[in-house]
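Hey, can you work out the whole structure from these sequences and the hints?
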Amino acid sequence: MAQVYISLGTNVDREFHVKQGLTALAEHYGQLTLSSLFESEAVGFAGSAFYNMVIGLQTDESVEAVAACLREIEYANGRTPDAKKYSPRTLDLDLLLFDDLILEQPAQIPRHEICHNAFVLWPLAEIAGDLIHPVVKRSYRELWRAYDKSSQKLQKVSLNW
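The numbering of the sequence shown is my numbering, which starts it at 1 and goes up by one.
These are computed hints drawn from the structure, not numbers from a lab.
Predicted model, so just to flag it, every value in this text is computed and none were measured.
Backbone N, C-alpha and C define an ideal beta-carbon position, used for all residues, glycine too.
Treat the hints loosely; a few may be bogus.
[Stated by the list, open to error] Label pairs and their in silico Cβ distance ranges:
(1) A26 <-> K156: 32 to 42 Å
(2) I102 <-> E15: 14 to 24 Å
(3) D148 <-> A26: 14 to 24 Å
(4) S151 <-> G30: 34 to 44 Å
(5) Q3 <-> H112: 17 to 27 Å
(6) V136 <-> Q3: 17 to 27 Å
This is the structure:
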């Protein structure tokens with residue numbers, strides 16, 4: 001069984017899409033480990049605030065199968081294949097970690113934004129703090145402690161799922 005971590009983000013009908021994403025992941029993969037839910041400003045474009053969190057799960061599926069499943073869930077929730085990188089999102093599911101693999105295809109693993117975006121690093125540190133980043137060789141808890149928390153504002157919000 002591979003240990004997988006996925007980031008979830010939405011800034012369109014946020015509560016609805018968080019629930020849709022979590023329900024679809026639970027139906028497909030079973031038990032999920034959930035971080036807190038965070039509200040953050042849009043990064044990279046002017047837009048409404050996002051809800052973000054990280055989900056941990058275990059699977060026997062390949063990296064390719066997990067990546068394809070995440071895309072299918074996004075498309076089922078209104079995302080289009082030609083969506084621009086920095087734009088509003090109904091549902092954004094990004095594969096962050098797949099065991100300790102280091103890959104560029106079918107997805108960048110570990111995902112580059114782990115070390116650069118508070119809305120990924122803080123929730124990942126919550127549920128996988130002792131894991132070691134396979135490239136930088138520091139735990140996610142250490143990375144979060146060293147992160148410049150003034151660079152991106154986050155606040156925890158209630159998760160009702």
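Which hints from the list above does the structure break, by number from lowest to highest?
-> 1, 2, 3
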